[in-house]
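All chains should be built: construct the whole structure from the sequences, respecting the hints.
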Amino acid sequence: MKLFWNTSFYGIFWIWNLTFLMLVYIGILPYVGVPLFQATLTGDIPSEFSLTLVTLIAIPTISSIIGGWRFTKQPLQLIRLFYGIEAPLFLLCLLRLFVIRELTSASSQILITMGVCIAAFTGELFWGYASRRKSGLQWAQMLAHTLMLVFGIYAGAVLLFYALPLAVFLLQEFLKFAWLKLLWDVLYHSAFVGGLFIIIPWLAIVSFSATLFIAMPSALTAMYVHSGAKILRAFASEHGKNKTFAGAGAVIVAFAVTFVSLQQQPQVLAFSLLANAPTNDSDRQTLVAKSEQIRIGLVNAYLSSYRYLSSKQENNHISAMYHHVLGLDKSATDGLQATYNFLMSPFLYNGSDKDTAKAEKLYADFFDTPLQKAEKTAVSHAVQSTFNEQEVKAGLLNINEKKVLLVSQEVTVKEHGDWADVELSEIYKNQTQEVQEVFYSFSLPESAVITGLWLGDTNKLDQRFPFVVSPRGAAQKVYNSQVRRSRPIDPALLEQVGPRHYRLRAFPIPPKNVQQIQGQPPLPTEMHLWLTYKVLGQELGWEMPDLGERRNIFWTNQTKRIRNGKEIGLKDDVWLEKFIRASGKIQSVLHEVNLESGYKILAKPLSSQDYTLPKGQRVAVVLDTSRSMGEHIKELLQTLSWLKQHSFADNDLANNDADLYLSVSPGAAPKRLDNLQQFQPEKVAFYGTIQPQEMLTQFNNLRGDTAYDVVLLLTDEGSYELSKNNKTVPNTPAPLWMLHLGGLPGAYNDGIIKSLQDSGGGVAVDISEVLQRIATKSVLGDSVVSVVNGYAWYLQTLGTAIATSNQQDDFLPLAARQLILGLSKKIKLDNLKGLDVIHAVAKKYKIVSPYSSMLVLVNDEQRQLLKEAEAQSDRFDRKVENGKENLSKPVNPLKVSVPEASGGWFLGVSAIALFILVKRRR
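Counting from 1, position 93 in the sequence shown corresponds to residue 93 in the numbering used here; the numbering is continuous, with no gaps.
Simulated pairs of lysine-lysine, DSSO-like, Cα-Cα distance not exceeding 27 Å: (1) K724 x K833; (2) K889 x K361; (3) K828 x K777; (4) K134 x K241.
Just so you know, the hints here were simulated from the structure itself, not pulled from any lab data.
Listed below in structure tokens is the structure:
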């Protein structure tokens, strides 16, 4: 009998080590290891996964060396090495590498405990109990082995759920004897004798495989309990039973308390706190005080599929397995599943698969910003903790990512007196193995106009791809269709998304290390982009695009910066300088331009004496009280102080007057204050999220028949990504101006753009600028389209305009920009006829407008797509680009849809493999 057990121990150890070695060196290392190491070097996957893979490879290698060197004649120690150290450690690494994604506190406790137990068992296996002289080490051994004893029982209980049905399953398949036919075929085709040399090793492998999977629970538990009890007895013999019981009891209690406490998942509290909308400021402030708990809970729910193996609701594989294999009824299998769920609760999410969408919405409603944007670091880490690849399209997770290097940037300025043509040329090189998109959100002076956009594979101007001016919705549709295709072809899209806001996207930037094909035209290795615009001069010179947000693109001190042919140096974190100096002093002059359709634009310079402040004006101040506005109390107080200083708070309509409207998120009631002096910002609960359309709706409901000269919406940068595709905004009784405290947003939805232009309003960051522009425009007359950047722009018809010979054709695009602004107040833009009229102006003068975008096309297929899109009735319907990335949901390994018939996969598949092997030999 001893010989049998010794032979079995040797067989189990060496056959499984040979299997492990083949698995890691032939299967995992070349197909998983190499790409994993490459992804780690590029920063796409955390280094912990590469370290796990290195450990996985080292385990059977080191175990084989130790087994052959130290335990050659000690089969019992050999099997203890295998079941107590190698097998659980190998299983742990496999689970960490392929199954367990992002760790939580609860799952970390189990894995750390398992690591401590393996380490303690290793110490006992090689060195035994510490000597009397090392009292501290004895205490450490006693505490660790107590934990090992507990964990051995815990792990054995979990594994037993699988071992029992597996044993029954194998017995059932064996007794069916369906595998005998395959074995007979093997013997028959191998002349019997040769087949025996194949069948015998196969039977050995099957037998030893059964020992690993079936005997693992009892073997692991027995070894850990035996080792733990052995050390505890040795410790008690030297230090006494009281100390032993005290130390062991403390470990058991600590483990149990920690285990139970870590099962309190944070999303449960977050969901309960946000279950009902608060109805008063006190309740809102209470919730705001618990923001961190709510944030942690909602993020945990949103990333649950990455942090947990399954949810408790979806985990049904134990129930299905016991019902299918053992034939137990539903009540019994449900009880087993519940017990298993309790034991595996560190790895199971307490909720449902619908919680992801629920958490995302609650986060946006509470924190007034998209979850992906605010929690970019956490979401990116979770995504990287799997082998899922992000979408190619540059989304919120790509903000400030360093994937595409700006190799060179050149700016050329051609001056024309008080205005200039500016050309921006950039070269991009991809630093990744996948095609990428670059994204810029930037602003220009309100009077500036973009006049061109080109793409190219080289710097040859005659080979670059030109732009077309297309309705904004059609252009967006065609561009997005090209970005999503499997073999993308270069498009670029430039849109105006606000009074002075623009969005530029270019795709695809060729991947790094492009393999050239001999005999074929060279494949592009970089992308060249050119952008041109016209701008009026200011005191500091020619204003450059002001960067709001960038995605995927980055620059270093090695990026070449050229200005008018001369290389300069810029700080690493700067895209462009604010201004480029003019060659001399800029002298503003009068510009007169005759446009087609019978219109004339006159641009008249204004001196400081031409500007004035309001007199006898009544202003409606609509205050945004969403969560993010709470960070701009200082700017809010300064704005209200300015209004008070300029007689807007004295309740004297003969002077100036302002009424305050407090807009609120759902759950509370908006308020109107006719006296600014009554307003106390420190008592306002800035809470939730609310969009401009909703603020204006609340304002209209409260104002009654009160007439105003201007509606001033006080808000911050807002969250464009949370806005909806609303084409219309509630009408305002006066020009709508949005005053952004803390900075301008990156974009506006088309409904807001329409409302701003239709009403003759605009956007600004300083209240004195807003009211000064309004008052000055009012004084200058109704023919003034805008007062901006030091000029008053007049729109006249040629029949009423004063005849002039001062026609300036180069100035036409700047004039056309103002013509579109003027026509938007004269023409109804809620129908295609009016929009087509506005678009015709942009197309004729080749400029970007809020209704017309520039699109670079490179082939006939794209041109045909654009032609079809431009013929659709939704050609001006542009969707909000929220930047949200649709993350691939990891596979749930513990969910079973429909139990499958067995068919003897374990015995049958291996027998089939033997049969194929014999046939190939013959």
